[in-house]
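Novice: Respectively, the protein sequence lines represent chains A and B.
With numbering that gives the first Met the number 0 applied, the first sequence corresponds to residues 0 to 226, in that order.
With numbering that gives the first Met the number 0 applied, the second sequence corresponds to residues 0 to 226, in that order.
Keep in mind that the hints were calculated from the coordinates and are not lab data.
None of these values were measured; they are calculated from a predicted model.
A couple of the hints might just be wrong.
[Claimed, not checked] Distance windows between CB atoms, simulated:
#	chain 1	residue 1	chain 2	residue 2	range
1	A	S79	B	N38	50 to 58 Å
2	B	Q155	A	P48	30 to 38 Å
3	B	S81	A	D194	24 to 32 Å
4	B	Q155	A	N51	35 to 43 Å
5	B	D108	A	R154	37 to 45 Å
[As the list claims (entries may be wrong)] Stretches of chain B that chain A covers, calculated by requiring three or more beta carbons in the stretch to come under 8 Å of a beta carbon on chain A:
#	region
6	88-96
7	112-125
8	154-163
9	186-195
10	219-226
For glycine and all other residues, C-beta sits at the position ideal for the given N, C-alpha and C.
Protein chains: 2
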Amino acid sequence: MRIGILGTGTVGRTLAAKLADTGHEVVIGTRDVEKTLGNNETDAMGNPPFRNWHAQHVGVKLGTFAEAASFGEVLINATSGSASLVALRAAGEENIDGKILMDISNPLDFSRGMPPSLTVCNTDSLAEQIQRVYSGVKVVKTLNTVTARLMVEPRQLADGDHHVFVSGNDAAARAQVAGYLKDWFGWREVIDLGDITTARGVEMYLPLWLRLWGATQTPVLNIKVVQ
Amino acid sequence: MRIGILGTGTVGRTLAAKLADTGHEVVIGTRDVEKTLGNNETDAMGNPPFRNWHAQHVGVKLGTFAEAASFGEVLINATSGSASLVALRAAGEENIDGKILMDISNPLDFSRGMPPSLTVCNTDSLAEQIQRVYSGVKVVKTLNTVTARLMVEPRQLADGDHHVFVSGNDAAARAQVAGYLKDWFGWREVIDLGDITTARGVEMYLPLWLRLWGATQTPVLNIKVVQ
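Just need the whole structure built from these sequences, with the hints factored in.
Specialist: Here it is as structure tokens:
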């Protein structure tokens, strides 16, 4: 499948590598291709320069946000929450309209110290903000509740006996994304939460996730819903 | 042990019944004893009148918030979030100072429709508000992440293979509450999240919990942290 990924940070790279390695065609999009390729520095999150990573993943093509969006049959928003709406504007409505956009971003606010708070929550969510601006896009919030490594390798933890969620207004798109999560990455169970307002739940889970990371000293954690 | 419970709703009743049935001395506190006993109506949550419940739980004494607080060696805040600070004021600082207060309340805002949003979140929490007002109280946020029946009978679900949390500034008080949860109710594992600011995490989990209830059609659910 042709997949367009927006964002060249840890999440974008991890998804791109996994998808390219398993036979998909992937274009990963960035704001400024020259700048992304020319950067020689490790970023604030400890990621090596993109070109170092890219040299080991030559199957992944780098393009602008618009090129990645135009290329993908399915799109993934893997930008940071604060950059998501800007990235989508750069991608261009004509390149994303009518497509499924898997929204993995978290609206984290690092300006008030650690752990971060959220830039939007409670009566709204980043996923809803995106859906309101791009009403023709099938936004499906998912995967934002786990660290990048677990997104693509859920079975490395408890043989995959834990959950991931989908939220979105289009039931068929939610089902399609649930299928991708299982087929692409091996998720065993995907919980369909319902419409896009349920994204508030998974975005507002982040503060607990961050504290669990703090308490347990590893981000390789997830929750299993027990009933 | 002598336990003072603030609040005569489902949570307060469920805790009081369980604790009295297992040999503890319990006073359950209300704003107006005469009114609580005189009420003949089922409440908005479908609870029968208090006196009907009380007739079946004669071991539980009913008193004012101040009487319950004064009586208890350990206190439990089981009022609704919107009533918690008012109830604690009525309880009287002299009756709660220096004691452990297990805070089970959730700052739910039903004024904007269902499911409820939160009255406080993100950079603050109800538990922190309580702790700020009553600096001499050892506030330990706990149990607010599960429905009342599960609080006191965790093993009815997956033989107790799921988690509950404690948040509070006093490490010894957190450990003591974790012990109570195990001894009183049979919780198998209690995760110590750390200081009172971690209560934001468990309070902000509520929107996900409410959506999981919606998706799965039962409130008898909990999460297991998988690592």
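Novice: Cut-off 8 Å, C-beta pairs, minimum 3 residues; does the coverage of the region 154-163 of chain B by chain A stand?
Specialist: This one holds; 4 residues, not fewer than the three required, reach chain A with a Cβ under 8 Å.
Novice: Is the coverage entry for the region 186-195 of chain B by chain A consistent with the three-residue Cβ rule at 8 Å?
Specialist: holds (count 4)
Novice: Test coverage of the region 88-96 of chain B by chain A using CB-CB distances below 8 Å; three residues minimum.
Specialist: This one is violated; 0 residues, fewer than the three required, reach chain A with a Cβ under 8 Å.
Novice: Please test the hint of 30 to 38 Å on the beta carbon pair from Q155(B) and P48(A).
Specialist: violated (53 Å)
Novice: Check the following: the C-beta atoms of S81(B) and D194(A) are separated by a distance inside 24 to 32 Å.
Specialist: holds (27 Å)
Novice: Can you take a look at whether the region 112-125 of chain B is actually covered by chain A? Rule is 3+ residues, C-beta closer than 8 Å.
Specialist: holds (count 5)
Novice: Mind checking the hinted window 35 to 43 Å against the Cβ distance between Q155(B) and N51(A)?
Specialist: The hint (35 to 43 Å, Cβ to Cβ) is violated, given that Q155(B) and N51(A) are roughly 53 Å apart.
Novice: A range of 50 to 58 Å was offered for this pair. Does it hold for the Cβ distance of S79(A) and N38(B)?
Specialist: Because 52 Å falls inside the window, the suggested range holds.
Novice: Do D108(B) and R154(A) keep their Cβ atoms within the hinted range of 37 to 45 Å?
Specialist: Roughly 39 Å apart at Cβ, these two residues keep to the hinted range, so it holds.
Novice: If you look at each residue in the region 219-226 of chain B, do at least three have a Cβ nearer than 8 Å to any Cβ of chain A?
Specialist: It holds, with 8 qualifying residues against the three required.
The structure does not agree with the numbered hints 2, 4 and 6 stated previously, though it agrees with the rest.
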